[in-house]
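Novice: The lines below spell out each chain.
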Amino acid sequence: MNIPLNITKTIHDWLFSIMPEGVATVTEWVIVAAAYLALFAVAGLYLVLLERKVAAWFQLRLGPNRVGPWGIFQTMADALKLVSKELTSNANIDKFLYNLAPYFVILSSLIAIGVFPFSRQFQALDINIGIFFLFAVSSIGVIGILLAGWSSNNKFAMIGAMRSGLQTISYELSVGLSMLTMVLLTGSLQLSEIIEVQRTGGWLILQGHIPAIIAFMIFMIAGTAETNRAPFDLVEAESELGAGFHTEYSGMKFAYFFLAEFINMFIIASIAVVLFFGGWLSPFGITDDITWFPETIWFVIKVLGIIFLMMWFRWTFPRLRVDQLLTLEWKYLLPINLVNLVLMAIIIWLNWTI
Amino acid sequence: MSYFSDIYNGIKTLLTGMSVTGGYFIRARKGSITQQYPDNRETLKMFDRFRGEVVMPHNENNEHYCTGCQACEIACPNGSIEIVWDRQVDPETGKKKKMIDKHIYHLGMCTMCSLCVEACPTDAIVWAQNYENSVYDRKYLTKVLNQPGSKVKAGIED
Ligand code: SF4
Ligand code: SF4
Numbered sequence: 001m002n003i004p005l006n007i008t009k010t011i012h013d014w015l016f017s018i019m020p021e022g023v024a025t026v027t028e029w030v031i032v033a034a035a036y037l038a039l040f041a042v043a044g045l046y047l048v049l050l051e052r053k054v055a056a057w058f059q060l061r062l063g064p065n066r067v068g069p070w071g072i073f074q075t076m077a078d079a080l081k082l083v084s085k086e087l088t089s090n091a092n093i094d095k096f097l098y099n100l101a102p103y104f105v106i107l108s109s110l111i112a113i114g115v116f117p118f119s120r121q122f123q124a125l126d127i128n129i130g131i132f133f134l135f136a137v138s139s140i141g142v143i144g145i146l147l148a149g150w151s152s153n154n155k156f157a158m159i160g161a162m163r164s165g166l167q168t169i170s171y172e173l174s175v176g177l178s179m180l181t182m183v184l185l186t187g188s189l190q191l192s193e194i195i196e197v198q199r200t201g202g203w204l205i206l207q208g209h210i211p212a213i214i215a216f217m218i219f220m221i222a223g224t225a226e227t228n229r230a231p232f233d234l235v236e237a238e239s240e241l242g243a244g245f246h247t248e249y250s251g252m253k254f255a256y257f258f259l260a261e262f263i264n265m266f267i268i269a270s271i272a273v274v275l276f277f278g279g280w281l282s283p284f285g286i287t288d289d290i291t292w293f294p295e296t297i298w299f300v301i302k303v304l305g306i307i308f309l310m311m312w313f314r315w316t317f318p319r320l321r322v323d324q325l326l327t328l329e330w331k332y333l334l335p336i337n338l339v340n341l342v343l344m345a346i347i348i349w350l351n352w353t354i
Numbered sequence: 001m002s003y004f005s006d007i008y009n010g011i012k013t014l015l016t017g018m019s020v021t022g023g024y025f026i027r028a029r030k031g032s033i034t035q036q037y038p039d040n041r042e043t044l045k046m047f048d049r050f051r052g053e054v055v056m057p058h059n060e061n062n063e064h065y066c067t068g069c070q071a072c073e074i075a076c077p078n079g080s081i082e083i084v085w086d087r088q089v090d091p092e093t094g095k096k097k098k099m100i101d102k103h104i105y106h107l108g109m110c111t112m113c114s115l116c117v118e119a120c121p122t123d124a125i126v127w128a129q130n131y132e133n134s135v136y137d138r139k140y141l142t143k144v145l146n147q148p149g150s151k152v153k154a155g156i157e158d
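Chains A and B supply the protein sequences, listed in that same order.
Sequential numbering from 1 applies to the first sequence in my numbering.
Sequential numbering from 1 applies to the second sequence in my numbering.
Calculated from the structure, these hints are not laboratory results.
No residue lacks a Cβ here, since even glycine has one placed at the ideal position from N, Cα and C.
Any given hint could turn out to be false.
[Said to hold, decoys possible] Derived coverage of chain A by chain B (criterion: at least 3 residues anywhere in the stretch with Cβ under 8 Å from a Cβ of chain B; other residues may be distant):
| id | region |
| --- | --- |
| 1 | 57 to 71 |
| 2 | 311 to 318 |
[Unchecked claim] Calculated pairs, SDA-like style, for lysine to any residue (alpha carbon to alpha carbon, straight line, at most 25 Å):
| id | chain 1 | residue 1 | chain 2 | residue 2 |
| --- | --- | --- | --- | --- |
| 3 | A | K331 | B | Y3 |
| 4 | B | K30 | A | R52 |
| 5 | B | K30 | A | L60 |
| 6 | B | K12 | A | F317 |
| 7 | B | K12 | A | F308 |
| 8 | A | K331 | B | M1 |
| 9 | B | K12 | A | F58 |
| 10 | B | K12 | A | I336 |
| 11 | B | K30 | A | L309 |
| 12 | B | K30 | A | P64 |
| 13 | B | K45 | A | P64 |
| 14 | B | K12 | A | M220 |
| 15 | A | K331 | B | G17 |
| 16 | B | K12 | A | P335 |
| 17 | A | K331 | B | L15 |
| 18 | B | K12 | A | T327 |
| 19 | B | K30 | A | R66 |
| 20 | B | K30 | A | R61 |
| 21 | B | K12 | A | W315 |
| 22 | A | K331 | B | L14 |
| 23 | B | K12 | A | I214 |
| 24 | B | K12 | A | I213 |
| 25 | B | K30 | A | V54 |
| 26 | A | K331 | B | F4 |
| 27 | B | K30 | A | V67 |
| 28 | B | K12 | A | L341 |
| 29 | B | K30 | A | F317 |
| 30 | B | K12 | A | R321 |
| 31 | B | K12 | A | V322 |
| 32 | B | K12 | A | R314 |
| 33 | B | K45 | A | R66 |
| 34 | B | K30 | A | F73 |
| 35 | B | K30 | A | R314 |
| 36 | B | K12 | A | Q324 |
| 37 | B | K12 | A | D323 |
| 38 | A | K331 | B | G10 |
| 39 | B | K12 | A | V339 |
| 40 | B | K30 | A | G71 |
So that you can see chain B by itself, here it is in the shape it has in the complex:
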């Protein structure tokens, strides 16, 4: 008897699938997901989860959240991140502590796997949504993420 119920179920599931795609077909004119890229270059905004490149946001006082813990450097599977750090005297507490000198990011090697962003304990690095990343010389692909003269925001390590 399962022979006939198989036929019934088969036809039913096929029709379910067809109704789903048929719905898409009818709505397609309104909700098309195609971006006609060079034409809408001015207005095109990438969606939030798009992985353009890794950036380090700074606040208005030129402070970032990177403590120099190197978790991102270890997490990166292909060595796209290099942290140059040294121990400096913290002007507030007078103690010596680890601070980044340069957070070097090689965009040309990055596979956009997002392991570094996941690994960062203080969310110091995030994804940017820019998409026109081509340059004429590959030296421009090596970027220093912390801005010159920036320092870590006080209290972030606590």
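Just chain A, same shape as in the assembly:
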């Protein structure tokens, strides 16, 4: 029993008591969708703020500190500014695709959010192919990027988009294989069940020891590449391509791309937390007996830890060249990953898990 459960259950019962079943179900969907949208719009904004603050501290600067105390309303003000800006476009663009592209990007990340178990009850959709679904949906985003680059009628945007396609296709292999390694250990694709496995046996990164740690490292590298963040941000390499695929976008459409990047980062961090660090489970079960303690807090703390790691990568490593990017994937990550998969299978076969 925890707080979110009570709230959702009360609303659920109340809705079904005042409406016929069909209407109540649809109303519930709408409420859940609106809640998730609101939550992740705000979460995305605060991730941007966090990124800017962390970036500033890595570079011995102060970061935003003018709008509100410690600058906490800075990104809100930025979003307001972006909303109020004119949506410009240049001549000879493919209007339909140009307008469609941002929605592909933002929708794919918002759909993926739905399957995460933030706590025992706080999960919009618990499907039995959870990991597979996540993996499939989060790859749709690259279509949006490709469309954006293609339809803007701009060579820089085009180059950026092609690089994105190349990068995502390569690194998706590594993300998938490292997830598969962990799925071998859990024996289930359902996210809630993956977490249940860790309740008794300890976090998966401990259960699977050596291959799990290798899989985690590969997942972090490939996951960073998936989100097009530095050091893998060839897609929007400022020094070469202007702003890359979203060079020609302004106002809210640009904000969608921007927000999607940060939600994608949240998604990658959440997958890492669910697959390696026990999701919403508390370490050593220290808060299992405290009934009022929301499990979501553990989830968020762990996710923020992983996100900090990704920011640390970003502000430490220089950007890769395209050939280095491909060498890293096809000559290093992929073979290591395949060997790692076999290693994990052998360990499970011989029952060497902890």
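Fit chain B with the ligands to the known structure of chain A by using the hints.
Specialist: This is chain B with the ligands only, laid out in the frame that chain A set:
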């Protein structure tokens, strides 16, 4: 075999880099280099090597070190310095010698390259650390560096 040592070295160097930036991250709250400029206008002091504008220091007797050799004028890549000089009789030795009348410096044209300061054989011109250099009329950007009535310090040419 270099395949595996490459991986090892790669991870090692990445971790070295991360430890450096991680150290910065931890120390950032204490040693921030950001100056919140208009707020700390009273206390803000520019660091020594900041290039604000070229000035000519004078000592308490209104004497400077400029011999009028024009090395700075020649060194300047964009003609920001003009030396107006003539030959005057030195009151001590009674000989005629070259002296500056005006050392004219166009701040508006200067790119702060410091070639003039490097070129000066007697260190007569140096960098000042002032930073609020904007004016309302560009004629104020043309400055005469030697003060009126000043003269070269005796013995500087020897
Ligand atoms: S700093 Fe450079 S540009 Fe400025 S006056 Fe000296 S030589 Fe000329
Ligand atoms: S400032 Fe220095 S370089 Fe320029 S004329 Fe005077 S002594 Fe020569």
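Novice: Work down the list of hints and note, for each, if the structure agrees.
Specialist: Here's how the hints hold up against the structure:
1. With 6 residues bearing a CB less than 8 Å from a CB of chain B, the region 57 to 71 of chain A meets the requirement of three and the coverage assertion stands.
2. Here's how the region 311 to 318 of chain A fares: 5 of its residues keep a CB closer than 8 Å to some CB of chain B, so the rule of at least three is met and the hint holds.
3. Pair hint K331 of chain A plus Y3 of chain B holds up; C-alpha atoms about 9 Å apart against a cutoff of 25 Å.
4. The suggested pairing of K30 of chain B with R52 of chain A holds, with an alpha-carbon distance near 18 Å, which does not exceed 25 Å.
5. The hinted pair formed by K30 of chain B and L60 of chain A meets the criterion: a straight-line CA distance of about 9 Å does not exceed 25 Å.
6. For the suggested pair K12 of chain B and F317 of chain A, the alpha carbons sit about 13 Å apart, so the restraint of at most 25 Å is met.
7. For the proposed pair K12 of chain B and F308 of chain A, the alpha carbon gap of about 20 Å is at most 25 Å, so the pair holds.
8. For the given pair, K331 of chain A sits about 14 Å from M1 of chain B by alpha-carbon distance, which is consistent with the 25 Å threshold.
9. Pair hint K12 of chain B plus F58 of chain A holds up; C-alpha atoms about 20 Å apart against a cutoff of 25 Å.
10. For a cut-off of 25 Å, the pair hint linking K12 of chain B to I336 of chain A stands: about 17 Å separates their Cα positions.
11. Note on K30 of chain B and L309 of chain A: the hinted pairing holds, with a Cα-Cα distance of about 22 Å set against a maximum of 25 Å.
12. Proximity of K30 of chain B to P64 of chain A is assessed by CA-CA distance (about 17 Å); at most 25 Å being required, the pair is judged to hold.
13. The hinted pair formed by K45 of chain B and P64 of chain A meets the criterion: a straight-line CA distance of about 23 Å does not exceed 25 Å.
14. Of the pairs offered as hints, the one joining K12 of chain B and M220 of chain A holds, with about 16 Å between alpha carbons and a cut-off of 25 Å not exceeded.
15. A threshold of 25 Å between alpha carbons decides the hint, and for K331 of chain A with G17 of chain B the separation of about 23 Å falls inside it, so the pair holds.
16. Between K12 of chain B and P335 of chain A the CA atoms are separated by roughly 20 Å; this keeps the pair inside 25 Å, and the hint holds.
17. As the CA atoms of K331 of chain A and L15 of chain B are separated by approximately 21 Å, the hinted pair is consistent with the 25 Å bound.
18. Of the supplied pair hints, the one linking K12 of chain B and T327 of chain A holds, its CA atoms being roughly 18 Å apart against a limit of 25 Å.
19. Restraint check for K30 of chain B and R66 of chain A: the C-alpha separation of about 19 Å stays at or below 25 Å, so the hint holds.
20. For the hint linking K30 of chain B to R61 of chain A, the alpha-carbon distance of about 10 Å falls within 25 Å, and the restraint holds.
21. Simply put, K12 of chain B and W315 of chain A have alpha-carbon atoms about 17 Å apart, close enough for the 25 Å limit, and the pair holds.
22. Only pairs whose Cα atoms come within 25 Å are accepted, and K331 of chain A paired with L14 of chain B is accepted, the gap being roughly 18 Å.
23. Between K12 of chain B and I214 of chain A the CA atoms are separated by roughly 15 Å; this keeps the pair inside 25 Å, and the hint holds.
24. For the suggested pair K12 of chain B and I213 of chain A, the alpha carbons sit about 16 Å apart, so the restraint of at most 25 Å is met.
25. Annotation: proposed proximity of K30 of chain B to V54 of chain A holds, straight-line Cα distance about 15 Å (limit 25 Å).
26. Restraint check for K331 of chain A and F4 of chain B: the C-alpha separation of about 12 Å stays at or below 25 Å, so the hint holds.
27. Under the criterion of a C-alpha separation no larger than 25 Å, the hint pairing K30 of chain B with V67 of chain A is consistent with the structure, at around 22 Å.
28. A threshold of 25 Å between alpha carbons decides the hint, and for K12 of chain B with L341 of chain A the separation of about 24 Å falls inside it, so the pair holds.
29. The suggested pairing of K30 of chain B with F317 of chain A holds, with an alpha-carbon distance near 24 Å, which does not exceed 25 Å.
30. A C-alpha spacing of about 20 Å is found between K12 of chain B and R321 of chain A, which places the hinted pair at or below 25 Å, so the restraint holds.
31. The hinted pair formed by K12 of chain B and V322 of chain A meets the criterion: a straight-line CA distance of about 22 Å does not exceed 25 Å.
32. Restraint check: the Cα-Cα separation between K12 of chain B and R314 of chain A comes to about 17 Å, which is no more than 25 Å; the hinted pair holds.
33. Restraint check for K45 of chain B and R66 of chain A: satisfied, since their Cα atoms lie roughly 23 Å apart, inside the 25 Å limit.
34. Under the criterion of a C-alpha separation no larger than 25 Å, the hint pairing K30 of chain B with F73 of chain A is consistent with the structure, at around 24 Å.
35. For the proposed pair K30 of chain B and R314 of chain A, the alpha carbon gap of about 22 Å is at most 25 Å, so the pair holds.
36. For the hint linking K12 of chain B to Q324 of chain A, the alpha-carbon distance of about 18 Å falls within 25 Å, and the restraint holds.
37. Between K12 of chain B and D323 of chain A the CA atoms are separated by roughly 22 Å; this keeps the pair inside 25 Å, and the hint holds.
38. With a CA separation close to 14 Å, the supplied pair K331 of chain A and G10 of chain B stays within the 25 Å bound.
39. Of the pairs offered as hints, the one joining K12 of chain B and V339 of chain A holds, with about 22 Å between alpha carbons and a cut-off of 25 Å not exceeded.
40. With a C-alpha separation of about 18 Å, the suggested pairing of K30 of chain B with G71 of chain A holds against the 25 Å cut-off.
Every hint from the earlier list agrees with this structure, and none is contradicted.
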